Amino acid sequence: MDLVALLAIQVLYAVASLALISVGLAIIFGMMRVINLAHGEFLMLGGYAAIVATSHGISIWVAMLVVAPIVVGLIGIIVERAIIRFLYGRMIDTMLATWGLSLFLVGLTTAIFGNTTVGISAPLGSIQIGAYRTSAYTLFVIAIAIAVLGAIFAVMRWTRLGLIARGTMQNADMAAALGVNPPRVYAVTFGVGAALSGLAGAVLAPVSGVFPTIGVAYVAKSFITVIGGGAAILSGTVSASALFGTINQIATFVTTPVFGEVALLAAAIVLIRLLPQGITGRFFRRGL
Amino acid sequence: MILNVQGLRTGYGRIPILNGIGFSVDEGEFIGILGHNGMGKTTLLRALMGFLPPTSGRVQFAGTDITALEPYRRARLGLGYVPQGREIFPGLSVYDNLRMGCAQQSGGQEHATIANVLEEFPRLTQLLDRPGSALSGGEQQLLAIARCLCGKPRLVLLDEPTEGIQPSIIEEIVETLQRLRARTGLTMILVEQNLDFIAALSQRILVIQKGRITQEVKPDELHDASVVGEFIGITT
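Chains as they are written, first to last, in my numbering: chain A, 1 to 288; chain B, 289 to 524.
Note that these hints are calculated values from the structure, not bench results.
Remember, predicted model here, so these are calculated numbers, not experimental data.
Positions of the beta carbon are idealized from the N, C-alpha and C atoms, including for glycine.
Some clues are possibly wrong.
Interface residues of chain A toward chain B, partial, derived using beta-carbon atoms under 8 angstroms [stated by the list, open to error]:
(1) Arg90
(2) Ile92
(3) Gly162
(4) Gln170
(5) Val188
Residues on chain A that point at chain B, a partial pick, calculated with CB under 8 angstroms [what the hints assert, rightly or not]:
(6) Val66
(7) Asp93
(8) Arg160
(9) Leu163
(10) Arg166
(11) Gly167
(12) Met174
(13) Ala175
(14) Ala176
(15) Ala177
(16) Leu178
(17) Gly179
(18) Val180
(19) Asn181
(20) Ser235
Sequences and hints are given; from them, build the entire structure.
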């Protein structure tokens, strides 16, 4: 029984961390059709922002939940204004440009922080589940993922900002004819996506440590989740994370973490073969 | 004079579509623009809305030179646009489509504005929760007009509202537009090929041929088939 509870927590954690690292990408890709190959580096920058902030005496909670998203969100807005906005509708060019940006950011952080792993110790201790102990931080990551997804849902569903973002995504010219300034919506959307990536990178930093090339580890999984989820941002991210996270964690539990990753990738290939439009291409179509 | 267009030329790439359009519209006027497919009617409205940059010419709206303004700035100055094909946001509910129409206003006024506009569109009040994509063509057309009115425009550009719409709703659209004109003095430019529709609504009709305004006719002249055939080249 305790083992089942422990396994359930780990599955939830795997799902939550997949959802966290993917949701920023899902917003940028789903709303703007921009394939941001520098997504992993946004996560990496979030981790560094949190670590630098804590080393300057800022509380780790503020560093993770406030400083990291603001810093990376601002970087995202600068990137959109300086690079992305010239390339809308040119997918290949955007991919090349963001790939270049990714290499640049890796080089820049290596020059500043060195090619070593820096860590921050996870706050919160451990909790006892029957005969087992697990990190309380695991539960915190799950809670953050739920809070982030809930907040996105609330903003998209109930606020004017969310309505204008959805309308602009569906038909930018018509939105403009109604007085909406689409470039501004794009910049804000890109900034929000980047900020959420920064938050995710910071929240996962105590678990994985941070090094300049950590983005590579994140980016493949996030892309798989977003493509597997399909067009709907929220229901896509949630359903794909739930599927892939569960498969990954159960395979890990039965065999080894390496095989867990293999199982995730194999599941992704099968899913895309069966549902080329992703999960929300067939199910939960009307979701956000 | 609310709109003044002089020597407007534009086109797609190197293909010219408008070859020096000039006309003006007074406040409260209802202007029809009549022409065949491919004569530049839709292009003219898209150019007025700012989606096509002019290669030469000037457009003045409400005393401001808007020739180089972006579409959203023109909308905020009071240009309303009901495009060909309606362009309803398919994934938004009818109510949310109307809320998009209120995008220029502060959030607090939204509800009152929509309630006000809906008084003229009783058919829409029963459909508020439906997604825009689930509406029939005629319902979408009514919604597109209502959405435009939510932005409180000073001049409405209306592009072929009868295209592909069943006759019963065409009549409803005519009645709604006549009522709106009588009640609010709405200024409108209507682009059409449907002679009855354009004659029922317009005070003046401009004929567009090969990217130029070639003549102006009175609405009642359109009922005379020989006049229509001779001067406009449209046979009914």
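Here is what the structure says about each hint:
1. Taken as an interface hint, A/Arg90 does not check out: its beta carbon lies about 18 angstroms from the nearest beta carbon of chain B, beyond 8 angstroms.
2. Taking 8 angstroms as the C-beta cut-off, the interface hint given for A/Ile92 is violated, the closest approach to chain B being about 22 angstroms.
3. For A/Gly162, the interface hint is violated, since its Cβ never comes within 8 angstroms of a Cβ in chain B; the closest pair sits about 10 angstroms apart.
4. Interface restraint check for A/Gln170: the shortest CB-CB distance to chain B comes to about 5 angstroms, inside 8 angstroms, so the restraint holds.
5. The criterion of a C-beta within 8 angstroms of any C-beta in chain B is not met by A/Val188, whose closest approach is roughly 14 angstroms, and the hint is violated.
6. For A/Val66, the interface hint is violated, since its Cβ never comes within 8 angstroms of a Cβ in chain B; the closest pair sits about 26 angstroms apart.
7. At about 21 angstroms, the closest approach between the beta carbon of A/Asp93 and any beta carbon in chain B exceeds 8 angstroms, and the interface hint on this residue is violated.
8. Against a cut-off of 8 angstroms between C-beta atoms, the interface hint on A/Arg160 holds, since the closest Cβ of chain B lies about 5 angstroms away.
9. A cut of 8 angstroms between beta carbons decides the hint on A/Leu163: the least distance to chain B is about 6 angstroms, and the hint holds.
10. Because the smallest distance between the Cβ of A/Arg166 and any Cβ of chain B comes to about 6 angstroms, under 8 angstroms, the interface hint for this residue holds.
11. The interface hint given for A/Gly167 is met, as the beta carbon of that residue sits about 4 angstroms from the closest beta carbon of chain B, less than 8 angstroms.
12. Satisfaction of the interface hint for A/Met174 is found here, the shortest Cβ-Cβ separation to chain B being roughly 4 angstroms, below the 8 angstroms cut-off.
13. Annotation: interface hint on A/Ala175 holds; nearest CB of chain B at approximately 7 angstroms, less than 8 angstroms.
14. At a threshold of 8 angstroms, the smallest CB-CB gap from A/Ala176 to chain B is about 4 angstroms, leaving the interface hint in force.
15. Proximity of A/Ala177 to chain B holds as hinted, the smallest CB-CB distance being about 4 angstroms (cut-off 8 angstroms).
16. With a cut of 8 angstroms, the hint placing A/Leu178 at the interface with chain B holds, because the nearest CB-to-CB distance is about 5 angstroms.
17. Hint status for A/Gly179: holds, given a least beta-carbon distance of 4 angstroms to chain B, under 8 angstroms.
18. Using the Cβ-Cβ criterion of 8 angstroms, the hint placing A/Val180 at the interface with chain B is satisfied: the shortest such distance is roughly 5 angstroms.
19. Because the closest C-beta pair between A/Asn181 and chain B is about 5 angstroms apart, less than 8 angstroms, the hint holds.
20. Of the supplied interface hints, the one on A/Ser235 is violated, with its beta-carbon coming no nearer than about 13 angstroms to a beta-carbon of chain B, more than 8 angstroms.
Comparing the model with each numbered hint stated earlier shows that hints 1, 2, 3, 5, 6, 7, 20 do not hold.
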